[in-house]
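**Student:** Sequence:
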Amino acid sequence: MAESSVVAGMEPLNAAPSPEGVETERDEEVLQPGSGEEAASLVETKTGKLQVAPVSKKQKEAPAIPKGRPKSGRVWKDSNKKRFSYMIQDKPLRTSWACKMRERQAKKLVKDFAQHLKDEKQRAREEKKQRREENLRRRLENERKAEIVQVIRNPVKLKRAKKKQLRRIEKRDTLVLLQKRQAQRKAAKE
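In our numbering, the protein residues as written are -3 to 186.
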């Protein structure tokens, strides 16, 4: 097998007892990234053993090419910015059709119940209003039946009456009363 570098920028740990040092099954050193001046890489040899080899300066220092002024002149634009289509988008939270139907049914039941309560309240209000009107009408009829009526045929009496007496006088339809009296007179004659 050809030699290949496995890990670059690693620093060998001492096999001596140190808290960071870890021994492998083959009693070899394990490399961890370090901040030391010397950089090393783990290399596999033809025999299958791993050895530490120093990294060349060319591999260590890769010069970054500076970005120049963009041709468009839009220096505020970030060239590293990705388009919206490159974004990884999660699937939106979706509910199943059965779940939607259950929610719709529940909403419908609540709406129907609210409408039923509203209709019930309206019906009770209407019944109360009708009862009040009926009671008022019955009270007026009873008062009229219980009244002692005296028909004034001579208008001169009205001119002679005092204010207090005029306040008590009311205009009424006396046709029904006259018909009733005529019927009573005919019955008395017979």
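Worth double-checking, as some hints may not be accurate.
Restraint ranges, calculated between C-beta atoms of paired labels, are given here [to be verified]:
| id | residue 1 | residue 2 | range |
| --- | --- | --- | --- |
| 1 | 136 | 183 | 25 to 31 Å |
| 2 | 138 | 99 | 55 to 61 Å |
| 3 | 79 | 46 | 39 to 45 Å |
| 4 | 186 | 118 | 38 to 44 Å |
| 5 | 148 | 122 | 40 to 46 Å |
| 6 | 165 | 186 | 50 to 56 Å |
| 7 | 83 | 109 | 22 to 28 Å |
| 8 | 154 | 113 | 55 to 61 Å |
| 9 | 122 | 165 | 36 to 42 Å |
| 10 | 155 | 122 | 35 to 41 Å |
List time: in silico DSSO-like cross-link candidates among lysine-lysine, alpha-carbon distance up to 27 Å [stated by the list, open to error]:
| id | residue 1 | residue 2 |
| --- | --- | --- |
| 11 | 141 | 185 |
| 12 | 103 | 124 |
| 13 | 117 | 107 |
| 14 | 103 | 125 |
| 15 | 78 | 96 |
| 16 | 104 | 125 |
| 17 | 141 | 124 |
| 18 | 96 | 77 |
| 19 | 159 | 176 |
| 20 | 103 | 114 |
| 21 | 141 | 104 |
| 22 | 124 | 153 |
| 23 | 73 | 63 |
| 24 | 167 | 185 |
| 25 | 77 | 67 |
| 26 | 63 | 77 |
| 27 | 78 | 63 |
| 28 | 182 | 141 |
| 29 | 114 | 124 |
| 30 | 67 | 78 |
| 31 | 141 | 159 |
| 32 | 124 | 107 |
| 33 | 160 | 141 |
| 34 | 87 | 77 |
| 35 | 167 | 153 |
| 36 | 114 | 104 |
| 37 | 87 | 141 |
Just so you know, the hints here were simulated from the structure itself, not pulled from any lab data.
Each residue gets a CB set at the ideal place from its N, CA and C atoms; glycine is no exception.
**Student:** Look at each hint and say if it fits the structure.
**Tutor:** Going through the hints against the structure:
1. 136 x 183: 25 to 31 Å: Since the Cβ atoms of residue 136 and residue 183 sit about 28 Å apart, the hinted range of 25 to 31 Å holds.
2. 138 x 99: 55 to 61 Å: holds, 58 Å
3. 79 x 46: 39 to 45 Å: With a Cβ separation near 44 Å, residue 79 and residue 46 satisfy 39 to 45 Å, so the hint holds.
4. 186 x 118: 38 to 44 Å: 57 Å Cβ-Cβ, so the 38 to 44 Å window is violated.
5. 148 x 122: 40 to 46 Å: holds, 43 Å
6. 165 x 186: 50 to 56 Å: For residue 186 against residue 165, whose Cβ atoms are near 35 Å apart, the range 50 to 56 Å is violated.
7. 83 x 109: 22 to 28 Å: Given about 45 Å between the Cβ atoms, the range is violated.
8. 154 x 113: 55 to 61 Å: holds, 58 Å
9. 122 x 165: 36 to 42 Å: holds, 38 Å
10. 155 x 122: 35 to 41 Å: This hint is violated: roughly 49 Å between Cβ atoms.
11. 141 x 185: holds, 25 Å
12. 103 x 124: The given pair, whose Cα atoms are some 32 Å apart, is violated under the 27 Å limit.
13. 117 x 107: holds, 15 Å
14. 103 x 125: violated, 33 Å
15. 78 x 96: Distance ~37 Å between residue 78 and residue 96 Cα, so the pair is violated.
16. 104 x 125: Not satisfied, since the Cα-Cα distance of roughly 31 Å exceeds 27 Å.
17. 141 x 124: Distance of about 26 Å is within 27 Å: holds.
18. 96 x 77: violated, 39 Å
19. 159 x 176: At roughly 31 Å apart (the allowed maximum being 27 Å), residue 176 and residue 159 break the hint.
20. 103 x 114: Since the Cα atoms of residue 103 and residue 114 sit roughly 16 Å apart, the hinted pair holds (cutoff 27 Å).
21. 141 x 104: Violated: residue 141 and residue 104 sit about 55 Å apart, past 27 Å.
22. 124 x 153: violated, 45 Å
23. 73 x 63: Distance ~13 Å between residue 73 and residue 63 Cα, so the pair holds.
24. 167 x 185: violated, 31 Å
25. 77 x 67: holds, 17 Å
26. 63 x 77: Measuring from Cα to Cα gives roughly 15 Å; hence the hint holds.
27. 78 x 63: Roughly 17 Å separates the two Cα atoms, so the pair holds.
28. 182 x 141: holds, 22 Å
29. 114 x 124: holds, 15 Å
30. 67 x 78: Holds, because 19 Å separates the two Cα atoms, which is no more than 27 Å.
31. 141 x 159: holds, 26 Å
32. 124 x 107: holds, 26 Å
33. 160 x 141: holds, 23 Å
34. 87 x 77: holds, 23 Å
35. 167 x 153: holds, 15 Å
36. 114 x 104: Cα-Cα ~15 Å, so holds.
37. 87 x 141: violated, 83 Å
Of the numbered hints stated above, those contradicted by the structure are hints 4, 6, 7, 10, 12, 14, 15, 16, 18, 19, 21, 22, 24, 37, listed in ascending order.
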